[in-house]
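Asker: Protein chains in written order, with numbering that gives the first Met the number 0: chain A, 0 to 494; chain B, 0 to 234; chain C, 0 to 62.
Keep in mind that a hint or two might mislead.
Pair by pair, the computed Cβ-Cβ distance ranges are [said to hold, decoys possible]:
(1) B:Asp74 - C:Ile6: 19 to 25 Å
(2) A:Glu176 - C:Gly20: 22 to 28 Å
(3) A:Ala67 - B:Gly61: 48 to 54 Å
(4) A:Glu26 - C:Ala22: 30 to 36 Å
(5) A:Lys438 - B:Asp189: 53 to 59 Å
(6) B:Leu50 - A:Leu314: 43 to 49 Å
To give a feel for the contact side, a few chain B residues facing chain A, derived at Cβ under 7 Å [claimed, not checked]:
(7) Phe64
(8) Ser68
(9) Val75
(10) Cys109
(11) Phe221
Don't read these hints as lab results, they were simulated from the structure.
Just so it is clear, CB atoms sit at the ideal spot from N, CA and C, and this is done for glycine as well.
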Amino acid sequence: MSQAPKNVAPTTPYSSADASIRAELSEIDASLRVSSLFFITSAIFWLMAGTILALIAAIKLHEPSFAAGSELTTFGRIRSAHMNAMALGFGNNMIFAVCTWIMARLCRTPIRHGGLLLIAGSFWNLGLTVGIAGIIKGDITSVEWLEIPKYATPLLAISYVLIGVWGIMAFRFRKGEHVYVSQWYFLGALFWFPWLYIVAQVMIIWAPAQGVVQSVTNWWFAHNYLGLWLTPMALGTAYYLIPKVLGRPIYSYYLSVLGFWSLAIFYNWAGVHHLIGGPVPVWLLSAGIVASVMMVIPVIVVAINHHMTLIGSRLNWWKSPTLRFVVFGAVNYTLVSIIGSTMALRTVNMTTHFTHFTVGHAHHGVYAFFAMIMFGGVYYMMPRVLNREWPSASLIRVHFWMCALGILLMVFALQICGWIQGTQMNDAINYPDFLQIVKSTRPYMIIRSISGVMLMVGHLAFGLNFFWMLFSAGAHRVQQEGPTLLISKKEGSKT
Amino acid sequence: MSDEQKSTNKGNPSLEKANMQDTDMQDIHAQLMREKEEPHEGFSPIPIFLLFAFAALCFWGGVYFAEYSQEFRWDVYDPEADLASAAAPRPEKPLAEIGAKIYRAQCIACHQASGLGAPGAFPPLVASQWVLGSEERLARILINGLKGPVLVNGMTYNGNMPAFGPEGLNLKPKQIAAVLSYIRQEWGNDAPEVSVEAMGAYIDDYGARGPQWTAEELLAEFPMEPTVKFDAPIQ
Amino acid sequence: MPVENYIDLLPVILLGIVFFGSAVAMIFWSARRGQLRDFDDQAKVIFTHEEPEGEISDHFPDK
Numbered sequence: 000m001s002q003a004p005k006n007v008a009p010t011t012p013y014s015s016a017d018a019s020i021r022a023e024l025s026e027i028d029a030s031l032r033v034s035s036l037f038f039i040t041s042a043i044f045w046l047m048a049g050t051i052l053a054l055i056a057a058i059k060l061h062e063p064s065f066a067a068g069s070e071l072t073t074f075g076r077i078r079s080a081h082m083n084a085m086a087l088g089f090g091n092n093m094i095f096a097v098c099t100w101i102m103a104r105l106c107r108t109p110i111r112h113g114g115l116l117l118i119a120g121s122f123w124n125l126g127l128t129v130g131i132a133g134i135i136k137g138d139i140t141s142v143e144w145l146e147i148p149k150y151a152t153p154l155l156a157i158s159y160v161l162i163g164v165w166g167i168m169a170f171r172f173r174k175g176e177h178v179y180v181s182q183w184y185f186l187g188a189l190f191w192f193p194w195l196y197i198v199a200q201v202m203i204i205w206a207p208a209q210g211v212v213q214s215v216t217n218w219w220f221a222h223n224y225l226g227l228w229l230t231p232m233a234l235g236t237a238y239y240l241i242p243k244v245l246g247r248p249i250y251s252y253y254l255s256v257l258g259f260w261s262l263a264i265f266y267n268w269a270g271v272h273h274l275i276g277g278p279v280p281v282w283l284l285s286a287g288i289v290a291s292v293m294m295v296i297p298v299i300v301v302a303i304n305h306h307m308t309l310i311g312s313r314l315n316w317w318k319s320p321t322l323r324f325v326v327f328g329a330v331n332y333t334l335v336s337i338i339g340s341t342m343a344l345r346t347v348n349m350t351t352h353f354t355h356f357t358v359g360h361a362h363h364g365v366y367a368f369f370a371m372i373m374f375g376g377v378y379y380m381m382p383r384v385l386n387r388e389w390p391s392a393s394l395i396r397v398h399f400w401m402c403a404l405g406i407l408l409m410v411f412a413l414q415i416c417g418w419i420q421g422t423q424m425n426d427a428i429n430y431p432d433f434l435q436i437v438k439s440t441r442p443y444m445i446i447r448s449i450s451g452v453m454l455m456v457g458h459l460a461f462g463l464n465f466f467w468m469l470f471s472a473g474a475h476r477v478q479q480e481g482p483t484l485l486i487s488k489k490e491g492s493k494t
Numbered sequence: 000m001s002d003e004q005k006s007t008n009k010g011n012p013s014l015e016k017a018n019m020q021d022t023d024m025q026d027i028h029a030q031l032m033r034e035k036e037e038p039h040e041g042f043s044p045i046p047i048f049l050l051f052a053f054a055a056l057c058f059w060g061g062v063y064f065a066e067y068s069q070e071f072r073w074d075v076y077d078p079e080a081d082l083a084s085a086a087a088p089r090p091e092k093p094l095a096e097i098g099a100k101i102y103r104a105q106c107i108a109c110h111q112a113s114g115l116g117a118p119g120a121f122p123p124l125v126a127s128q129w130v131l132g133s134e135e136r137l138a139r140i141l142i143n144g145l146k147g148p149v150l151v152n153g154m155t156y157n158g159n160m161p162a163f164g165p166e167g168l169n170l171k172p173k174q175i176a177a178v179l180s181y182i183r184q185e186w187g188n189d190a191p192e193v194s195v196e197a198m199g200a201y202i203d204d205y206g207a208r209g210p211q212w213t214a215e216e217l218l219a220e221f222p223m224e225p226t227v228k229f230d231a232p233i234q
Numbered sequence: 000m001p002v003e004n005y006i007d008l009l010p011v012i013l014l015g016i017v018f019f020g021s022a023v024a025m026i027f028w029s030a031r032r033g034q035l036r037d038f039d040d041q042a043k044v045i046f047t048h049e050e051p052e053g054e055i056s057d058h059f060p061d062k
């Protein structure tokens, strides 16, 4: 086995047995210890808070009198608090953890200015706490995806700038000439996000544009938060982890670069599909619809790449905790994107718009794709960063099954409900009573709450496993030098 | 390998091999080691079916966009609106309908919604020859106003009708024509409507006149027509 | 297009030009630095001596 690397690809920069290069991976991982712990701990807290808020909001939709005593717990505020806690609290913190680690590894240098990351993270959490408290208190801006009140957003902006600067510096001082596709995705996202955020904040909140321009900007921003921030971060992570875990290079690197650039070209336009049918100049909506359908190109490219890389590896992906999550996420990326492209067509949109179908679709993308890949990333990186094994494989299994089944149940229920709802609402003759249609969604709302409970169980398993690993100092320390994970003792040490 | 050695060893394969000197072996190895790796493309192009699929998508996209962009107009929201027919002049609302709105705004205070006015104060418009008769006489009243005593349907009114022409409220010809058409066709009245062109001509002639008309002046030029039998019940 | 004052659009347009220009610059930069050659070798960049190509680097313990 140790002969294999030398016979393969003499052009691999690291085929030499040079000890100074050999030490690097562990060095890189160790240098990220403090910041990773900080970000993942924050992410877990936000995940818990966000899940609780989600459960409250979900139950309210079939038991309106639940938690109805105070204005602080009204649906509008709780739902917005949930969205921001999940997207900005959980999502961004996970990104800061997983993607800075992958970036550091690919830049082949221990990180500098780790303190910058900690300061940025603190500002982020502080700003977010103030912002979400503000939402619950009632200062919500009422603009979707930009609900955080004005007094908290500058903190988020500063924090973001610091992270962006760190990312650019890490890239600038990298060793090794090749820029792997994951780095393209991460740098692209680091570049796109400030543009999106600044323009949206300025044109909607700080110096509001007139009328419909605000809506167009709003949905350009909101959709691109998913498409040009969460998606590239998750895709870059998947592109790194799948080949890495399997030990095989990605099937077609050329296709992956093509996929990146076609995403960059098309995704930006798609946002207006949220406004189909509205008082927006029709050419803009048509441009958005075309772009949404053209997104099939990068999606198919990613699907082919992942699929062909996995083929022939038998069930090795299933046997890896990381890849269970990552492959689940990657498959759902393809699914959710195809469903999304279909939803953008006007005839389909007439039924799905303004129904639970869209809610299901949103959770499909953010959870079944983005969150699951990020979970996988954490499972891969933490043993390497902390030099310890995960204490419990069972908890990982519980996490996987609860979350995978939970999210699939949720998406299924919401999309079936939404389709029925849309068809009924369009049929004024047979379903003239709006309230009746609302009441008939109730069983699906209950199913959604059940799926939410399943997700909660999965998250608890994840949090439990993580803190157990963190606080049981000596118990599961890895025997060998260098990063490994859960290699059974039979295999012996690796060199 | 020297020729001598070669010739003595032909036919004996193992001896042939054994005669290869170490130095020769090293020479051959040195040659192999110096050789660089075969150059290769390092580039597997996109599968053909994918190329066709993408081309088809781009074609669809182009057609869809061209079909539903409505000439990139900022004011068209409906993807299937027929721009050609929309550009054609829309049928105008009938003058009387426009006039009804103006009547409700400007005239109703005095002449009332019923068109009956107030006895002794404001003359009625219903079944009034002033309304049903000469178009120009009526137009002039609107343009410049009317003062002094006037006999309407057997009663004398001594009031003051304000001017609605350029020296008064300055209603447009279309508006005055509309309200006149309205009163000439409402409440059972039945007289031809007043056209906008005619109204325009009257305003050109009399718009700058100045003082209000009196009944004598108007009747001198436009004598009162004989009364027409009026059948509709007065509300 | 009815805009009260076209000047109001200027900051957004400038920002957009900056980002678009940088995207174009990135493509040229990557072409010049040879990122767009040798794709097969570039794919192997993720492997190192410690986690080489050909080795599974993550699986459940009893499998």
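Asker: Next, verify each hint and record whether it holds.
Answerer: Checked hints:
Separation of B:Asp74 from C:Ile6 is about 23 Å and conforms to the stated range, judged on CB atoms against 19 to 25 Å. The given range of 22 to 28 Å is respected by A:Glu176 and C:Gly20, whose C-beta atoms sit roughly 24 Å from each other. A C-beta distance of roughly 53 Å is found between A:Ala67 and B:Gly61, which places it inside the suggested range of 48 to 54 Å. Remark: the range hint 30 to 36 Å for A:Glu26 to C:Ala22 is upheld by a beta-carbon distance near 34 Å.
In this structure the supplied range 53 to 59 Å holds for A:Lys438 paired with B:Asp189, their Cβ-Cβ distance being about 57 Å. Range check, B:Leu50 to A:Leu314: Cβ separation about 32 Å, and the 43 to 49 Å hint is violated. Annotation: interface hint on B:Phe64 holds; nearest CB of chain A at approximately 5 Å, less than 7 Å. At a threshold of 7 Å, the smallest CB-CB gap from B:Ser68 to chain A is about 4 Å, leaving the interface hint in force.
Interface restraint check: B:Val75 against chain A, minimum CB-CB distance 6 Å, threshold 7 Å, status holds. At its closest, the beta carbon of B:Cys109 sits 42 Å from a beta carbon of chain A; the interface hint therefore is violated under the 7 Å criterion. Interface restraint check for B:Phe221: the shortest CB-CB distance to chain A comes to about 53 Å, outside 7 Å, so the restraint is violated.
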